[in-house]
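Let chain A serve as the given structure and place chain B on it in line with the hints.
If you read the protein sequences in the order shown, they are chains A and B. The numbering of the first sequence is the working numbering, which starts it at 1 and goes up by one. The numbering of the second sequence is the working numbering, which starts it at 115 and goes up by one.
Think of the hints as simulated: they come from the structure by calculation, not from any bench. Note that the structure is predicted; figures quoted are calculated from it, not measured. Built from N, CA and C at the ideal position, the CB exists for glycine as well. Among the hints, erroneous ones may be present.
Here are a few chain A residues that face chain B, going by a calculated C-beta distance under 7 Å [as the list claims (entries may be wrong)]:
id, residue
1, Arg32
2, Ile34
3, Gln36
4, Asp38
5, Ala90
6, Tyr93
7, Gln94
8, Ile97
9, Lys101
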Amino acid sequence: MASAFGIDTTALLQLLKSKMSYLQASGLETSRNIAQADIPGARRRELRPFEQVLKKTKEGVEVAITSSDLVKTGEQIHREEETLTMTNIAMEYQGLIAIYKRYHDMIKMVIGKG
Amino acid sequence: MSGIFGFSLLQKIMSVALSGMQSQSNRLLVIAQNLANAGSRSPQPGVDPYRRKTITFASEFDRKRGVEVVKVKKVDTDSSPFPVIYAPGDPGADERGYIQETNVKAPIELTDAMESKRAYEASLKAYEKALSMQQDALSLLRGGKA
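Excised from the complex, chain A in its bound form (with noise of 0.2 Å):
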């Protein structure tokens, strides 16, 4: 396990990848309700918090979103709503993707390329 001022490196970029990758899978849910707004009874489907997901997970392995993470709340979709949370999925992911770039300057700056 890479060790950087007492940070566990490898586990934080691992928490990374899982955050993007529920992200995605959240956004995939998200675009599906959009899509279904007009079928009649088409119900809100969302993914469990990233914080549940991530306690099923064991330690140092990257979260795999699996059918038992899938909520069907019951509620009706309101597509400006789900429009609101596709945006901030996106910008999540987008402040990941720099926490990433950032990670990877780090990286490069220690061992001299940077």
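Chain B only, in chain A's frame:
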């Protein structure tokens, strides 16, 4: 999940969004047909005028892409009765001077068209967001600024 940035999931988002856009395009096509025929009457006595079309959607599992998409379930006709108006001079009027008009109501079609446009735009937004997520991930490979 494929690869570190899970492009396949992003592509699935795009597929779902595209299916939403296609469904709404089909809905707009039906609305356009209805609107084009608004105000039409029976061409001759005993012949029905244009009957309003309706469209319904259903979700379907796309095996090729491995994702649940939206498809057109059925294009049906509206079984509501035709309004009858008195127009004795019309060639389609019966012997009493009455003629059947289409059951298309333009204000309803226009409201449907607006709703369909909003639905299309929402799916387009989802598509654009997935695309921007993909581009963000690709920017890492290009070494550009995230």
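Taking the hints in turn, this is what the structure says about them:
1. A cut of 7 Å between beta carbons decides the hint on Arg32(A): the least distance to chain B is about 5 Å, and the hint holds.
2. Residue-level restraint check for Ile34(A) holds (minimum Cβ-Cβ distance to chain B is 5 Å; threshold 7 Å).
3. Hint on Gln36(A) holds. Least Cβ distance to chain B is approximately 6 Å, under the 7 Å limit.
4. A distance limit of 7 Å between C-beta atoms decides the matter here; for Asp38(A) the minimum to chain B is near 6 Å, and the interface restraint holds.
5. Because the closest C-beta pair between Ala90(A) and chain B is about 4 Å apart, less than 7 Å, the hint holds.
6. For the restraint placing Tyr93(A) at the interface with chain B, the shortest Cβ-Cβ distance is roughly 5 Å, inside the 7 Å limit, so the hint holds.
7. Here the hint on Gln94(A) is kept, as its CB sits about 5 Å from the closest CB of chain B, short of 7 Å.
8. Proximity of Ile97(A) to chain B holds as hinted, the smallest CB-CB distance being about 4 Å (cut-off 7 Å).
9. Taking 7 Å as the C-beta contact cut-off toward chain B, the hint placing Lys101(A) at the interface holds, the least distance being around 4 Å.
The earlier numbered hints are all upheld by this structure, with none contradicted.
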